[in-house]
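Novice: Each chain, letter by letter, is given below.
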Amino acid sequence: MKTLTLSKLLASAAMCAVALSGAATAQPHPDAELIIEGELQLKVRSEPAAHMDGAVPEIYSGWLFRADETRALQMDDFENPAMLGVEDGEAMWNTAEGAAGQSCADCHGDAAESMKGVRAAMPKVNADGVLWSTEDYINNCRTERMEADALKWNSGPLNNMVAYISVQSRGMPVAVQIDGEAEPYWERGKEMYYTRYGQLELSCASCHEENYGMNIRADHLSQGQINGFPTYRLKQAKLISTHNRFRGCIRDTRAESFPMGSDEFRALELYVASRGLGLDVEGVAVRN
Amino acid sequence: MSEVKPRIRLPRSATAGKAAEIKTLVSHVMETGLRKDADGNTIPRKIINRFTCEYGGDMVIDMELEGAVSANPYVEFDIMVGDATEVVFTWYEDGGNVYTETKELSVG
Amino acid sequence: MITRRETMALGLGAATVTLLPISVSAAADDAIAAYTGGASVTEGDVMITAPEIAENGNTVPISVEAPGAAEIAIYADGNPTPGVAVFKFGPAAGSHRASTRIRLGGTQDVFAVAKMPDGSFQQAAVEVKVTIGGCGG
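Just so you know, the sequences run in chain order A, B and C. Here my numbering is used: position 172 in the first sequence is 172, and no number is missing along the way. Here my numbering is used: position 64 in the second sequence is 64, and no number is missing along the way. Here my numbering is used: position 10 in the third sequence is 10, and no number is missing along the way.
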């Protein structure tokens, strides 16, 4: 931060130049710690999971790649604009909708108890052996039990509900299952991660494994972790879903992207989530 | 975040005769009137154009907002704590809608 | 005004020149004049604090403070419309400061103009560099 009056502007020009060159470093912050409300410390650095097989020396939360002001927003639940969505999600949780006259709370009670740890294990293979994201579980409840309409992927109401559920796992370690029934999905997601897409022929790995800590134009490349989703993105000034960010990334390679809520993105979500094993769930995060 | 919903953070405890920090955040898209929709039509301006905070009947801050204030407007300021406890917050939206929230300040 | 020769004498890269706030845009000038009623504006005890580099122009935190001021107005001289906000402090204000988050359309100067109780005006400015993101930003 800098503070100056007009008269000091010229005198500070040299300092500006120094500060600019300092900002060109896009490396993760070396020692910042993410502590929410001065109480809840989230793990933002970790040894990589065994399956990473040495691909990166250390795992970093995307929070570490952001500017001081953006990082500060996530440390205070009042200043974090994503909490507006969480509050809306909480209201939805307690509101009956659909022909059955049921609310989420009617079956699941207090989300602080019943949803604790749920987000940490997502996406997860369901009872029928199919990989589902948090959004799928919510919409299944809506259509099958509440007899309400499914919510549109990445819509405000669905993101708010995912955010409310996610916050119940905040501070818990990412705990996705990648073996057993999940393994074929995970393998498919891994293959996607290393597949080059689009006219620019970029894979996820091109940016987020091989070049994290570098600048892409003026932006800083993170490791592309998804433990902070749904995320309040300053660019969009609203909560966005994991699949929305995936779609944006693939679009930016100048490729025809997969749709949000596609099987491809569910598989990719599982694999990318597993690259964050060792980090804590941050959702709801704030990113640029 | 579709409707206008205020969030207010008062200090946990306030001492008469001392300044205390208040933070407010209200959910609002702050549509500038400068954007166009997919069909090329200008999206009409709809913003929170004024925000006030009154304490014990006196004005604390009266803010005029333009479209350059970010979505979900955040305002932080200080109140001079006295004997009164009632703090009234009001947001004025283009089109005439007014949203008011009253909070009790615990003066100790 | 600073010349290229002077810039190089200072040991700065030429690129820095374009980042220096050399003049206020006409629109911002007009907006400030409308606010002050054409009264002269002096530099004074006005503080404006903002990030040197904003990661995204959609949400830039900014704080203004001017001890004793009746009002503080904020202008962004590179925005399509320069007016941002005016804070009027009432009798129950605990200080003459306020913070908010603003939209900046690009790298530009942000001005705080304080109206003092005697009707005089004082101002300060800060330059905020807004980065163009790599990913659709």
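Because the hints were derived from the structure by calculation, they are not lab data. Treat the numbers as computed from the prediction; the structure is a model and nothing was measured. Be a bit skeptical, because a hint or two may be false.
Chain C is faced by these chain A residues, among others (derived, beta-carbon under 10 Å) [stated by the list, open to error]:
#1 R196
#2 A218
#3 Q236
Virtual Cβ for every residue (Gly too), placed ideally from N, Cα, C.
Novice: Give a verdict on every hint.
Specialist: Here is how each hint holds up against the structure:
{"no.": "1", "hint": "R196", "result": "violated (17 Å)"}
{"no.": "2", "hint": "A218", "result": "holds (4 Å)"}
{"no.": "3", "hint": "Q236", "result": "holds (8 Å)"}
Comparing the model with each numbered hint stated earlier shows that hint 1 is the single one that does not hold.
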